[in-house]
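Asks: Chain by chain, the residues run as shown.
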Amino acid sequence: MLLNGIITGLIMGGILSLPVLGVAVIYGITGIPNFAIGVIGVLGGFVTWYFLSFNMGVAIVIGIAVCFIIGYIIQRILLTPISERGGDSTLFFIITVSVGFVFEGIIRAIFPRPNISLELPRIGTINLAGVTVEGFKIFALLFALGTLVVIRLLEEHTEIGKSWQATSQNLKLAKLIGINTNRVFSIASGIGCALACVGAIFWGSLYNLQVSTGWDLGFMGFIIAVVGGIGNIWGGIISALIMGMVMSFSGYLLGGEWQSVILYFIVILVLIIAPKGILGSERSL
Amino acid sequence: MIEPILKITGLTACYGKISAIKAINFYAHDNEIVGIVGPNGAGKTTLLESIAGSMRIKNGRIFFLGRHIEKWPVLKRRQLGLMLVPQEGNVFPMMSVKKNLEISVILSNRAERKGLIDYVYELFPILWERRKQIANTLSGGQQKMLAVGLGITSNARVMLIDEPSIGLAPKLVTRLFETLKKIKEDTKKTIVLSEQNIKILNIADRLFGLEAGKIRFDEKTKNLSRDIVKDLYLGSIS
Ligand SMILES: Nc1ncnc2c1ncn2[C@@H]1O[C@H](COP(=O)(O)OP(=O)(O)OP(=O)(O)O)[C@@H](O)[C@H]1O
Ligand SMILES: [Mg+2]
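These protein sequence lines map, in sequence, to chains A and B.
What the first sequence shows, in the numbering used here, is residues -8 to 276, in sequence order.
What the second sequence shows, in the numbering used here, is residues 57 to 294, in sequence order.
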């Protein structure tokens, strides 16, 4: 049971780490807390579901692309201009939550189904030290960790990655040096929403996807990111894995009803002890 | 007379309702060092930021390389050939020296990049020694060198540098100024720098005296005595 709990926890954490990464990328680079990314990701999940019978690969690509474009555009026409006029966290909270409600409405209007399940291939099962795990779940976890590594590599070795770092460390100097910071922001927002979409797709195939799942993914992603040290992607992923573990064990030991009580109790405790999160954050909310 | 490459007329910029610089006329020619001297709060930073585009102006025109750029965003001015090394926050704090320089050549074509970075290492050998060090762990003087280095690698036609001597030991100031002069001679570019340090007289071709947001004098350095410059500072104290 112990091992089972650990594995379930790791996988849950792995999936959650995708929206967490989305939040971390967007907040780390733009400095804007975007609470809509979960809902946007779920919209991408519904889009994928719609095209799934056509071709799985194409469907996933379309879903992710739709999310990237939405993220790019809302940053470009809405969030960047507000930020240039000096918007603060409270304003961004209200605006991005409103954006989330807009997209929630759009999902309900386009897909009049409360609840979907994405039928993705299961890739068999794997036996880990006596515990049988679906290969697909392992894939989800590896994908999340792989994404983290890819982001890190991009930051170290590509021009666009270095521009991200420069923009997040010193926006004014980045502009003066000639980085197109508006484009950096838009791409970051697009990538963040695309990551949320991948999270939603995994979620939808392992559990099921409802319109409201977007808020769960978004807020949970945000809270976990804050616990890890917001904007800090290593902190985010560690925090996601720990929280996955907490959820899995509290679920096993005390039953599902207690899961969120324990989870958020721990969140509050961590933030009282370390207000900047486990690994600390460069920026603060 | 030859047309200046940078010419500013009637420039006014405000913080809220208070104007920090009023109806400034300013110009710089190709391949010269122009100093803007003035006491604390004279408006030096405001003027340089207005030229670079990181400060919004209220009135006036900025003419650069044949274009009116006063309405352009920072990036477009940068692309045309203006670069500001700001007074504060002038390095990327969590990046290594090397990465700082690598990111600052972003607008140059690939063939030029290595040469620009090598030139900075040649001017400031200590930066080569410290190339793997994270910028905010450098000493104040080394950070200044890196900041000026970012200006050089930008390869801009006109480099604006805001008070590079602040916080530096006198010996370092002399060395930095000599280096700026060498940069001008090597690259044939224009350097506009704001200063409170009297040693500016040793390197500038021309000086603008700025006080309380207004130009007090505009003279070739060779026609200026130390006293005129010093009076500018004392004037604001009395
Ligand atoms: N952010 C700001 N808000 C309000 N007033 C400001 C601001 N920045 C500067 N000022 C005011 O504008 C005037 C010019 O300031 P500026 O920074 O341009 O001077 P400076 O010559 O660069 O001074 P220093 O040598 O101290 O850097 C000063 O009176 C200053 O108090
Ligand atoms: Mg200043």
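Rather than coming from a laboratory, the hints here were simulated on the basis of the structure.
There could be a bad hint or two in this list.
[Said to hold, decoys possible] When the alpha-carbon atoms are kept at most 25 Å apart in a straight line, the in silico SDA-like pairs for lysine to any residue are as follows:
{"#": "1", "chain 1": "A", "residue 1": "LYS163", "chain 2": "B", "residue 2": "GLU234"}
{"#": "2", "chain 1": "B", "residue 1": "LYS188", "chain 2": "A", "residue 2": "ARG143"}
{"#": "3", "chain 1": "A", "residue 1": "LYS267", "chain 2": "B", "residue 2": "MET151"}
[Claimed, not checked] Beta-carbon label-pair distances, calculated as ranges:
{"#": "4", "chain 1": "B", "residue 1": "THR65", "chain 2": "A", "residue 2": "GLY152", "range": "18 to 24 Å"}
{"#": "5", "chain 1": "B", "residue 1": "TRP184", "chain 2": "A", "residue 2": "LEU136", "range": "35 to 41 Å"}
{"#": "6", "chain 1": "A", "residue 1": "GLY48", "chain 2": "B", "residue 2": "LYS127", "range": "44 to 50 Å"}
{"#": "7", "chain 1": "B", "residue 1": "TRP184", "chain 2": "A", "residue 2": "ARG76", "range": "28 to 34 Å"}
{"#": "8", "chain 1": "A", "residue 1": "LEU69", "chain 2": "B", "residue 2": "GLU178", "range": "29 to 35 Å"}
{"#": "9", "chain 1": "A", "residue 1": "ILE101", "chain 2": "B", "residue 2": "ASN115", "range": "48 to 54 Å"}
{"#": "10", "chain 1": "B", "residue 1": "ASN115", "chain 2": "A", "residue 2": "ASN171", "range": "27 to 33 Å"}
{"#": "11", "chain 1": "B", "residue 1": "GLN189", "chain 2": "A", "residue 2": "LEU144", "range": "21 to 27 Å"}
{"#": "12", "chain 1": "A", "residue 1": "LEU69", "chain 2": "B", "residue 2": "GLN135", "range": "24 to 30 Å"}
{"#": "13", "chain 1": "A", "residue 1": "ASN118", "chain 2": "B", "residue 2": "ASP174", "range": "54 to 60 Å"}
{"#": "14", "chain 1": "A", "residue 1": "GLU75", "chain 2": "B", "residue 2": "GLN135", "range": "28 to 34 Å"}
{"#": "15", "chain 1": "B", "residue 1": "GLN189", "chain 2": "A", "residue 2": "GLY152", "range": "16 to 22 Å"}
{"#": "16", "chain 1": "B", "residue 1": "LYS237", "chain 2": "A", "residue 2": "LEU144", "range": "18 to 24 Å"}
{"#": "17", "chain 1": "A", "residue 1": "ARG143", "chain 2": "B", "residue 2": "ASN115", "range": "35 to 41 Å"}
[Said to hold, decoys possible] Going by beta-carbon spacing under 10 Å, a handful of chain B positions derived as facing chain A:
{"#": "18", "residue": "SER110"}
{"#": "19", "residue": "LEU121"}
{"#": "20", "residue": "ARG123"}
{"#": "21", "residue": "HIS124"}
{"#": "22", "residue": "ILE125"}
{"#": "23", "residue": "VAL130"}
{"#": "24", "residue": "VAL141"}
{"#": "25", "residue": "GLY145"}
{"#": "26", "residue": "PHE148"}
{"#": "27", "residue": "LYS155"}
{"#": "28", "residue": "ILE159"}
{"#": "29", "residue": "ASN165"}
{"#": "30", "residue": "LEU224"}
{"#": "31", "residue": "LEU228"}
{"#": "32", "residue": "THR230"}
{"#": "33", "residue": "ASP287"}
Built from N, CA and C at the ideal position, the CB exists for glycine as well.
Asks: Now tell me, hint by hint, if it's right for this structure.
Replies: Each hint, compared with the structure:
Taking the CA atoms of A:LYS163 and B:GLU234, the gap is about 28 Å. The hint is violated against a cut of 25 Å. With a C-alpha separation of about 18 Å, the suggested pairing of B:LYS188 with A:ARG143 holds against the 25 Å cut-off. Straight-line distance between C-alpha atoms of A:LYS267 and B:MET151 comes to about 21 Å, which keeps the hinted pair within the 25 Å bound. Taken as a hint, the range 18 to 24 Å is violated for the pair B:THR65 and A:GLY152, whose Cβ atoms sit roughly 42 Å apart.
With their beta carbons about 37 Å apart, B:TRP184 and A:LEU136 fall inside the hinted range of 35 to 41 Å. At roughly 47 Å, the beta carbons of A:GLY48 and B:LYS127 sit within the given window of 44 to 50 Å. About 42 Å separates the C-beta atoms of B:TRP184 and A:ARG76, a value inconsistent with the hinted range of 28 to 34 Å. Range check, A:LEU69 to B:GLU178: Cβ separation about 47 Å, and the 29 to 35 Å hint is violated.
For A:ILE101 paired with B:ASN115, a C-beta distance near 51 Å keeps the hint of 48 to 54 Å intact. Judged by the Cβ atoms, the range 27 to 33 Å given for B:ASN115 and A:ASN171 holds: they are separated by roughly 28 Å. Range check, B:GLN189 to A:LEU144: about 22 Å between beta-carbon atoms, so the 21 to 27 Å window is met. In this structure, A:LEU69 and B:GLN135 meet the distance hint of 24 to 30 Å, their C-beta atoms being roughly 26 Å apart.
Restraint check, A:ASN118 to B:ASP174: a C-beta distance of roughly 57 Å satisfies the suggested window 54 to 60 Å. Taking 28 to 34 Å as the suggested C-beta distance range, the pair A:GLU75 and B:GLN135 does not conform, at roughly 19 Å. The given range of 16 to 22 Å is respected by B:GLN189 and A:GLY152, whose C-beta atoms sit roughly 21 Å from each other. A beta carbon spacing of about 42 Å between B:LYS237 and A:LEU144 contradicts the range 18 to 24 Å that was offered as a hint.
Take A:ARG143 and B:ASN115: their Cβ atoms lie about 48 Å apart, and the range 35 to 41 Å is violated. Taken as an interface hint, B:SER110 checks out: its beta carbon lies about 6 Å from the nearest beta carbon of chain A, inside 10 Å. Among the interface hints, the one on B:LEU121 is violated; its C-beta lies about 16 Å from the nearest C-beta in chain A, farther than the 10 Å criterion. The closest approach between the C-beta of B:ARG123 and any C-beta of chain A is roughly 17 Å, which is over the 10 Å cut-off, so the hint fails.
Violation of the interface hint for B:HIS124 is found here, the shortest Cβ-Cβ separation to chain A being roughly 20 Å, above the 10 Å cut-off. Restraint check, B:ILE125 versus chain A: the minimum CB separation of about 15 Å is more than 10 Å; hint violated. Taking 10 Å as the C-beta cut-off, the interface hint given for B:VAL130 holds, the closest approach to chain A being about 5 Å. Given hint, B:VAL141 at the interface with chain A, holds; its Cβ is 8 Å from that chain's nearest Cβ, closer than 10 Å.
Annotation: interface hint on B:GLY145 holds; nearest CB of chain A at approximately 6 Å, less than 10 Å. A distance limit of 10 Å between C-beta atoms decides the matter here; for B:PHE148 the minimum to chain A is near 5 Å, and the interface restraint holds. Hint status for B:LYS155: holds, given a least beta-carbon distance of 7 Å to chain A, under 10 Å. A hinted interface residue such as B:ILE159 counts as satisfied when its beta carbon comes closer than 10 Å to some beta carbon of chain A; here the least separation is about 5 Å, so the hint holds.
Evaluation of the B:ASN165 hint against chain A yields a violated restraint, the C-beta minimum of about 13 Å exceeding 10 Å. Of the supplied interface hints, the one on B:LEU224 is violated, with its beta-carbon coming no nearer than about 20 Å to a beta-carbon of chain A, more than 10 Å. At its closest, the beta carbon of B:LEU228 sits 22 Å from a beta carbon of chain A; the interface hint therefore is violated under the 10 Å criterion. Residue-level restraint check for B:THR230 is violated (minimum Cβ-Cβ distance to chain A is 27 Å; threshold 10 Å).
A distance limit of 10 Å between C-beta atoms decides the matter here; for B:ASP287 the minimum to chain A is near 33 Å, and the interface restraint is violated.
Hints 1, 4, 7, 8, 14, 16, 17, 19, 20, 21, 22, 29, 30, 31, 32 and 33 from the earlier list are contradicted by this structure; the remaining hints agree with it.
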